[in-house]
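There are 2 protein chains.
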Amino acid sequence: MSEAKAIAPLSDAMSRGAEAIEQFLDSVLTPPEGPEARLFNSMRYSSLGGGKRMRPFLTMQSARLFGVPDSRALRAGAAVELVHCYSLIHDDLPAMDDDDFRRGKPSNHKAYDDATAILAGDALLTSAFEVLAHSDTHPEGDVRSELVLGLTRAAGANGMVGGQMIDLLAEDMDADVSLISRIQRLKTGALIAFACEAGAILGKANDEQKEALRRYSNDVGLAFQIKDDLLDTLGKAEDIGKATQKDADAGKATFVGLLGVEEAQQRAELLCQQAISYLEIFGDNAAHLRGIARFAIDRRT
Amino acid sequence: MSEAKAIAPLSDAMSRGAEAIEQFLDSVLTPPEGPEARLFNSMRYSSLGGGKRMRPFLTMQSARLFGVPDSRALRAGAAVELVHCYSLIHDDLPAMDDDDFRRGKPSNHKAYDDATAILAGDALLTSAFEVLAHSDTHPEGDVRSELVLGLTRAAGANGMVGGQMIDLLAEDMDADVSLISRIQRLKTGALIAFACEAGAILGKANDEQKEALRRYSNDVGLAFQIKDDLLDTLGKAEDIGKATQKDADAGKATFVGLLGVEEAQQRAELLCQQAISYLEIFGDNAAHLRGIARFAIDRRT
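Those sequence lines, one after another, are chains A and B. Counted from 1, the first sequence has number 130 at position 130 by this note's numbering; the numbering is strictly sequential. Counted from 1, the second sequence has number 147 at position 147 by this note's numbering; the numbering is strictly sequential.
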């Protein structure tokens with residue numbers, strides 16, 4: 001299939017995937033009656049109706065390589081998305097990155113308040129593990145436990161949360177490309193990598209297949225972050241729905257700041273090509289995974 | 001065994017249990033090198049060297065009823081304690097209950113800062129599921145998944161986090177005993193109940209045994225909370241290590257405020273006796289569980 005022809009099916013598939021995730025999250029986050037409805041509404045505010053749903057799409061496409069039923073991959077992908085949504089709520093808090101806008105609307109603590117935002121994040125994180133541990137995700141408990149374990153490692157102190165800690169401290173450090181690569185790998189890369197790994201776990205992939213997906217997802221994650229920095233530098237505020245140039249203004253080191261626009265673009269392109277090369281063993285079944293590697297660096301928001 | 005004789009073994013057993021938990025948490029929270037050591041130190045600050053470790057003790061004593069090896073019960077109990085510690089850090093934040101002291105020392109966000117405290121809580125919550133999902137907790141994945149699922153339900157939006165949400169909103173509500181009972185059941189009761197349930201899950205208890213432990217733990221949890229309110233009203237600040245009368249001063253409804261000291265004491269005593277009655281089916285093996293029911297209302301801190 002030519003590249004031009006491949007784009008429409010990818011975007012269609014991403015839309016269908018996003019819709020399925022939306023429906024699933026909607027059903028998981030049904031608000032009860034009583035005062036705790038506020039908590040659920042806050043959780044829904046930051047989980048529904050937005051986002052590219054790239055992480056669950058990676059899970060679903062990785063799972064398809066191994067013939068995993070969509071209903072299971074959807075649950076694992078949704079768990080990854082729940083962790084992603086919680087991290088955005090907590091990262092936006094005044095005590096953290098202090099962002100008033102997210103996805104073109106007030107961030108959670110602005111729409112609700114700091115306390116509700118903290119609790120909504122806590123509850124979303126907890127619900128991710130609830131989704132994974134439920135027998136609908138996989139009939140075998142060993143598989144469910146492996147998913148839980150993988151997500152804790154990607155999301156916890158040695159993964160995403162650790163990355164956010166270093167990122168906050170890095171404002172006072174002499175940052176170089178090696179440091180910001182490490183921050184990216186922990187803060188955003190680990191969860192993107194687990195999104196793919198979840199598909200492999202569900203599908204009981206062999207070591208060679210797991211390793212190929214790991215390398216692919218590491219490169220896609222890094223390319224995605226460099227593209228974020230490029231959009232931050234070059235994009236318009238109305239395009240990406242939050243204040244641009246914010247990281248640079250805050251004195252944070254970025255790939256673009258350290259490498260310059262041109263070299264950053266080249267590096268993202270190289271990572272994209274390298275990521276795609278790892279998918280060779282999967283043949284045509286990996287068409288959408290190839291597409292998403294290109295999407296990571298060609299997207300405009 | 002007479003009551004007087006039973007007290008010394010209980011306090012010895014609690015001390016040994018607390019020591020084992022301390023050692024285990026210390027090994028789980030080993031700080032890495034690099035800037036993220038700050039995150040681990042913050043996690044350690046609020047997890048090590050303090051607390052009665054009542055929840056893990058409940059897990060270990062419940063597990064013993066069914067002949068579960070201590071090494072497994074210790075891990076499940078530690079997971080409950082990690083959730084408890086995370087909840088204290090987040091509850092103390094300025095945006096939440098705004099407490100500057102906890103267990104006789106500055107609360108986490110005072111010793112570190114708000115951002116680090118938020119992240120430390122997030123990471124402790126995540127690590128609880130990591131401990132449960134590891135094969136050392138139980139060789140069967142189904143058992144591990146059941147533990148994970150149970151903890152998510154006790155700790156999440158329909159449990160502890162939901163209870164904290166209602167508690168924050170209750171300041172503006174006309175609170176009665178029914179409302180504060182519901183808040184207690186969610187905010188502190190659910191996790192205490194899971195502490196016992198975890199032992200039953202590890203031991204593959206039958207439905208009658210599970211139900212007995214559930215009733216026992218619900219009553220112990222409520223008695224424990226009423227005692228907290230009594231200590232808050234009657235205790236001295238230096239005794240319980242945080243500002244007393246705080247809940248009452250904040251206009252929060254408490255059991256003591258609504259019932260008066262005497263009726264609250266009577267209710268706690270009744271709950272304690274009722275809790276103990278549920279343990280009859282376990283015979284002598286439940287001696288320490290009986291002891292902890294008394295400890296819940298006889299303790300001085």
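Among these hints, one or two may not hold up.
Since the list can't tell identical chains apart, any single copy or any two copies may satisfy a pair.
Claimed, not checked - Straight-line alpha carbon distances no greater than 20 Å define the calculated SDA-like cross-link-like pairs of lysine to any residue that follow:
no.: 1; residue 1: Lys210; residue 2: Asp142
no.: 2; residue 1: Lys252; residue 2: Gly34
no.: 3; residue 1: Lys110; residue 2: Pro94
no.: 4; residue 1: Lys252; residue 2: Gly104
no.: 5; residue 1: Lys110; residue 2: Asp174
no.: 6; residue 1: Lys105; residue 2: Gln274
no.: 7; residue 1: Lys210; residue 2: Gly104
no.: 8; residue 1: Lys252; residue 2: Leu169
no.: 9; residue 1: Lys105; residue 2: Gly67
no.: 10; residue 1: Lys110; residue 2: Leu48
no.: 11; residue 1: Lys252; residue 2: Phe282
no.: 12; residue 1: Lys204; residue 2: Ser135
no.: 13; residue 1: Lys110; residue 2: Arg294
no.: 14; residue 1: Lys204; residue 2: Gly141
no.: 15; residue 1: Lys105; residue 2: Gly50
no.: 16; residue 1: Lys110; residue 2: Leu169
no.: 17; residue 1: Lys204; residue 2: Glu140
no.: 18; residue 1: Lys210; residue 2: Ser277
no.: 19; residue 1: Lys110; residue 2: Met96
no.: 20; residue 1: Lys252; residue 2: Pro35
no.: 21; residue 1: Lys210; residue 2: Val28
no.: 22; residue 1: Lys110; residue 2: Ile276
If you're looking for bench data, these hints aren't it; they were derived computationally from the structure. Every value quoted in this text rests on a predicted model; they were computed, and no experiment measured them.
Hint-by-hint comparison with the structure:
no.: 1; hint: Lys210 - Asp142; verdict: within (17 Å within a copy, 24 Å between copies)
no.: 2; hint: Lys252 - Gly34; verdict: between (43 Å within a copy, 18 Å between copies)
no.: 3; hint: Lys110 - Pro94; verdict: both (10 Å within a copy, 16 Å between copies)
no.: 4; hint: Lys252 - Gly104; verdict: neither (22 Å within a copy, 37 Å between copies)
no.: 5; hint: Lys110 - Asp174; verdict: neither (32 Å within a copy, 27 Å between copies)
no.: 6; hint: Lys105 - Gln274; verdict: neither (36 Å within a copy, 52 Å between copies)
no.: 7; hint: Lys210 - Gly104; verdict: neither (36 Å within a copy, 49 Å between copies)
no.: 8; hint: Lys252 - Leu169; verdict: within (10 Å within a copy, 37 Å between copies)
no.: 9; hint: Lys105 - Gly67; verdict: neither (38 Å within a copy, 54 Å between copies)
no.: 10; hint: Lys110 - Leu48; verdict: within (17 Å within a copy, 35 Å between copies)
no.: 11; hint: Lys252 - Phe282; verdict: neither (39 Å within a copy, 60 Å between copies)
no.: 12; hint: Lys204 - Ser135; verdict: both (17 Å within a copy, 18 Å between copies)
no.: 13; hint: Lys110 - Arg294; verdict: neither (34 Å within a copy, 46 Å between copies)
no.: 14; hint: Lys204 - Gly141; verdict: both (13 Å within a copy, 15 Å between copies)
no.: 15; hint: Lys105 - Gly50; verdict: within (10 Å within a copy, 42 Å between copies)
no.: 16; hint: Lys110 - Leu169; verdict: between (25 Å within a copy, 17 Å between copies)
no.: 17; hint: Lys204 - Glu140; verdict: both (11 Å within a copy, 18 Å between copies)
no.: 18; hint: Lys210 - Ser277; verdict: within (15 Å within a copy, 53 Å between copies)
no.: 19; hint: Lys110 - Met96; verdict: both (14 Å within a copy, 15 Å between copies)
no.: 20; hint: Lys252 - Pro35; verdict: between (40 Å within a copy, 16 Å between copies)
no.: 21; hint: Lys210 - Val28; verdict: neither (29 Å within a copy, 27 Å between copies)
no.: 22; hint: Lys110 - Ile276; verdict: neither (40 Å within a copy, 48 Å between copies)
In the structure shown, a violation is registered for the earlier hints numbered 4, 5, 6, 7, 9, 11, 13, 21, 22, in ascending order.
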